[in-house]
Amino acid sequence: MNRAKIISAPFMHSIDSVPRTMLLVMLALAPATAFSLYQFGWPAIILFFIIIGSSLLFEALSLLLARKPVTPFLLDGSAVLTGWLVAMALPPWAPWWIGVLGGFIAIVFGKHIYGGLGQNIFNPAMVARIALLISFPLEMTFFMQPQPLFAEQSPNFSQALDIIFMGGIDIDALTSASILTQIKILHFDGQSIGGANGLVSDLPTAMLGVLPGGMGEASALLLVLGGVFLLAVRIISWHTPFAMFASMALIASIAHFFNPAYHPGMLTHLFSGGFVLGAFFIATDYVTQPVSNTGRLIFGAGVGALTFFIRAYSIFPEGVGFAILLMNAMTPFIDHYIKPRIFGRSKSGEPLTGQLPQGGGK
Amino acid sequence: MLIAVGALAALGLLLGVILSMAARFLSVETDPLADELEQMLPNLQCGQCGFVGCRPAAEALSAGETDVTLCPPGGVALAAKLAEKLHVEIDLSQMDHEPLVAFVHEENCIGCTKCILVCPTDCIIGAPKKLHTVIVSACVGGAACLEVCPTDCIEMVPVTVKEESVQSWNWPKPRSPQSTSSELATRSVDR
Amino acid sequence: MEQYLLILLSTVLVNNVVLVKFLGLCPFMGVSNRFAGAIGMGLATTFVLTLSAALSWLLETYFLRPLGLDFLRLVTFILVIAAIVQFTEIAIRRISPILYQVLGVYLPLITTNCAVLGVALLNLNQGHNFTQSLLYGFGSAIGFTLVMVMFAGIRERLELNDVPLAFKGAPIGFITAGMLSMAFMGFSGLVK
Amino acid sequence: MKLFNVPGGVHPKDHKELSADRAIQAVPMPVELSLPMHQHIGIAAKPMVQVGELVTKGQLIGMCTRGAASNNGITAPVHAPTSGRITNIAMQRSPHPSGLPEMMVTLEPDGADAWGELPAALDPASSSVSELVERIHRSGIVGMGGAMFPTAAKLDARNNVDLLSLIINGAECEPYLTADDRLMRERARNIVDGISILQRILNVPNVIIAIEDRRVQAADAMSDATGAHKGMSVVLVPTLYPMGSEKHLIKVLTGEEVPSGALPSALGLVVNNVGTAYAIHEAVRYGQPLVSRIVTVSGGAIKHPGNYHVLLGTKVSHLVETCGGFSQPPEQMLIGGPMMGLSFSDLEVPITKGTNGILALTKSEVKPGTHRPCIRCGACIPACPSSLEPQDLFVLVRNEKIEPALDAGLADCILCGACSYVCPSHIPLVQFFNYGKGQALEMRNEVMRAARLKRLSDERLVRSEEKARQKKAKQDARKKAIADRKKAHEQKYEGEVKA
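Protein chains in written order, with my numbering: chain G, -2 to 359; chain P, 272 to 462; chain Y, 63 to 254; chain W, 325 to 823.
No lab work stands behind these hints: they were computed from the structure. It is possible that some hints are incorrect.
Below are the DSS-like pairs computed for lysine-lysine, each with C-alpha atoms no more than 27 angstroms apart in a straight line [as the list claims (entries may be wrong)]:
no., chain 1, residue 1, chain 2, residue 2
1, W, Lys761, P, Lys352
2, P, Lys385, G, Lys336
3, W, Lys627, W, Lys639
4, W, Lys778, W, Lys761
5, P, Lys356, W, Lys725
6, W, Lys791, P, Lys385
7, W, Lys795, W, Lys778
8, W, Lys691, W, Lys337
9, W, Lys687, P, Lys444
10, G, Lys344, P, Lys444
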């Protein structure tokens, strides 16, 4: 805060700053979000702003409680981004209290209990999502067919208020299961997924995002675009997303090859659920991923593999959140063991032995 | 009933035999840790820690009976080293009490040389019937001289802070951007 | 073969003693503040757990049951566990005095680590045979070690964080353990 | 020539266009010169003059006692930059971030600027190596790149190892600074002459003159000048900050890494700055001690940036006036470059032997940012030329974990500021590392003191044991003597009785 106190070089600086980073991530998220909001109509829009508002509120309260300067931290964009990602991880028509609770868990338990920005162990948005998923499985798996804004069936603003605040969802006809849930149901029934009504052929639509699912599951294509943008402006490094995609693609392909009746193809795994969102926007969270590039490769590969196993064998249809939390827990361990070789030292940290010319001394 | 008692007794006996054998063959004579710790201590035998020398202090440390901050001559550096060796957490702010050195009040000094004889580091100079004085940089603050002084003319005083010069100046620690309540609390402890 | 692998997978991840069964929390919180201590504790517990799981199975099958002494099960198991822990303690003191120092009171406390007795009893409950018992014990211990090491890393980082004063130390440790436990729920159903 | 890669590095905007095309100019004689007695690494010089004394240009005014006896001591003498009268010898405000006072000699120029009696010029070809080194030492020459390490002491490496090559550092990687660039462009022949003297002293077969590949004119001038000299080659190195760090320059040129904690001589190399070579030329060929240097005055707040030939001890305020003053109030005044330079605010501090630039930067150039918490983005890791993990060191130092920080490589940090430059949270990492290094030094001093005390106590123990042994031996001897006497007496008595 106190610039006058800082008397040490360097006195030049690159254009990077925390608010700039946060802003660019939000910019990258914007197209996919706008599309999702359009797809899911007024209730989704209202919920989106409820979550961001509550995140900001809890951020401000936490900062006040911790006696930290409120304004600069509130304006750095981190709370908005956290709220935004929570919103992307929730069902679009969830009741208001799910949203507020999500904001509360993410900001307070996800972040401020650990000491605030940059100090958390787990990704706040994923903490919120998983805590809510375990506590309120019904509300958290309520997905519906997209109801584009201004479409006939789409609720208008007052209906939307009713849906979000009064739980006035009376439209069972709209509820629908996401691809992964459908697969899971077939698994439970012991049926072959081949019979599921053209799951694989739905893929192009999945990429466009007109399938039932969470906010962040809509429109994998726009999310990929956002991710590529982040790579281009060097906000994220390619290591984590690449390793995630690669490990998932590899394992899913092998599994599908050996047991196509049980395992869906690689593309279904890559572009359904929150995998793309997770790969570009959540796993790449600076704070909770390893700092080294090698570490990031390991981290990403771990997330991809764990996601696959959780999706394929556990009781949960979707595993990105769990996988990211599990690998977040491994991050300090990875950072502890993967260190660069210091200049002038050997890999083990001993100073190099100089190649003294023989016969030194005259 | 008998079977139960017998069975338990037999089991207990068997395990007892095994354990006593283990204790026999895997016995540890001296405490190797204490040896290592003794090496780390200054070995000034000044007794400021309350033990009669560095060996007993090392043994107490190894047994976990005393704090790693016990040794004033070793200072914070030694405490940190011991803490790392023993894998214990320390609060270095506890160590913040200033190191003391002996100071001879010249008006009362009779030049008896008694203090010179007991000083573990020979840091007092003087001759019989001459004023004695303390070489501050060599004084460990053992206070052994205090007890033997017949006129009580020696006092333990804090080391006077060296005058800051461009050469001795160190960069101050920048302030943290988030002065949290916890940080404020530790800072007030420091004072 | 497959069932043995499943037992290992199940005990390490799905039914992790610490995070899913909530056994052995005392050493989990007590010794996980440093990598070295966590690894040492993990190894010591692995030794004790595996050995006691196997020994308790043998005692149950060839000693207690034939003699009709089922009511002495708890006493006997605890006796055996205590003996193994005592043996481990003597051995560690000899092999690594530093580790002995690091583990401190938690080493004898392995005796009362409910994970050890828990695993021995669970073995009987689930009607495992000898190999299964051995693996069950070993797997649980590996699960324990894994979580210990993972958690040690987290706590080394937490120590350097500006955790609010009210949450410093054990509170933040428990909250983190809770979140970790939540993450491990993702494995539920992985092995029936 | 094959070049190698260095880890890390950043590309800050260099702003050299501000002063690169301004020829070196002289500065009008200032009304007062202040000469710090400590313008080098090592032991400070002691004033050799009295207040009121008249001195000539080049007269010795500060010398260290140890340096006087031999040139092995790491110290350097100070000479009068012009003729005049000594008006003051006192502690005065120094050009140092602490703002603490230093011993300085104040000189009032008489305007004649008359050289006094100078040592005779030496012919490098016919003089002995020790003569040449002695001349370099007595001329007060130190590393002119900013490190200010006494050059004569550096050249002593020749006594310990067989040197392979001499590297001349013309890679002026700090933004804004063009002093070396201009020197190379305008006085290449003199520099090359200095280099050949160094080459003779060090007895190295080849010399590599490293210049950043954007400084084309300087490289051309140097290539022309080296034409006839054997074994000298000009090598263009990539423009990258911190290329001017000698360890990194060596890595780029040879692929070898200077071992942690060691000097380039461990690889059989010696690195010297172009400015140093120029000063050596003047000292050897004309007997002139180091009394002036080239300084770049630049930055957005300076009206007419340029490169100046400045007498040591000239006040910054005088130099700024020469440049037409400020065009706007500067946000930050710096000695040296913006990446590693020192901040100061009092314009009455003097130019010293290591001052390669005076910068007055505007707010838009400094881009001051809010210091925020570390978000572990890892941007500092690829920027670090020493392959450290600055974010890790930062967290450790912030929590006073100095020992773990040393294990993580704090001592290997060269304080280049690349990490701070890229840090999106604007964390003053360099200051944290400086602080950590200071703490480490204090800890080491404490350990050394403890070791010394232990030695004292051990010695005393040995002595008192020896005393006790002697005492016992004496007692034993006395006892024995008594016993013997008794025995003799008895024998005698017995004899008497028998008789």
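Hints and how they fare:
Our distance criterion of 27 angstroms between C-alpha atoms is met by Lys761 (chain W) and Lys352 (chain P), whose separation comes to about 17 angstroms. For the given pair, Lys385 (chain P) sits about 58 angstroms from Lys336 (chain G) by alpha-carbon distance, which is inconsistent with the 27 angstroms threshold. Between Lys627 (chain W) and Lys639 (chain W) the CA atoms are separated by roughly 18 angstroms; this keeps the pair inside 27 angstroms, and the hint holds. In summary, the hint linking Lys778 (chain W) to Lys761 (chain W) is supported, as the alpha carbons are separated by about 25 angstroms, within the 27 angstroms threshold.
Pair hint Lys356 (chain P) plus Lys725 (chain W) holds up; C-alpha atoms about 15 angstroms apart against a cutoff of 27 angstroms. With a C-alpha separation of about 17 angstroms, the suggested pairing of Lys791 (chain W) with Lys385 (chain P) holds against the 27 angstroms cut-off. At most 27 angstroms may separate the alpha-carbon atoms for a hinted pair to count; Lys795 (chain W) and Lys778 (chain W) meet this at roughly 25 angstroms. Restraint check: the Cα-Cα separation between Lys691 (chain W) and Lys337 (chain W) comes to about 13 angstroms, which is no more than 27 angstroms; the hinted pair holds.
Note on Lys687 (chain W) and Lys444 (chain P): the hinted pairing holds, with a Cα-Cα distance of about 24 angstroms set against a maximum of 27 angstroms. Only pairs whose Cα atoms come within 27 angstroms are accepted, and Lys344 (chain G) paired with Lys444 (chain P) is rejected, the gap being roughly 31 angstroms.
Going down the numbered hints, you'll see the structure goes against 2, 10, while the others check out.
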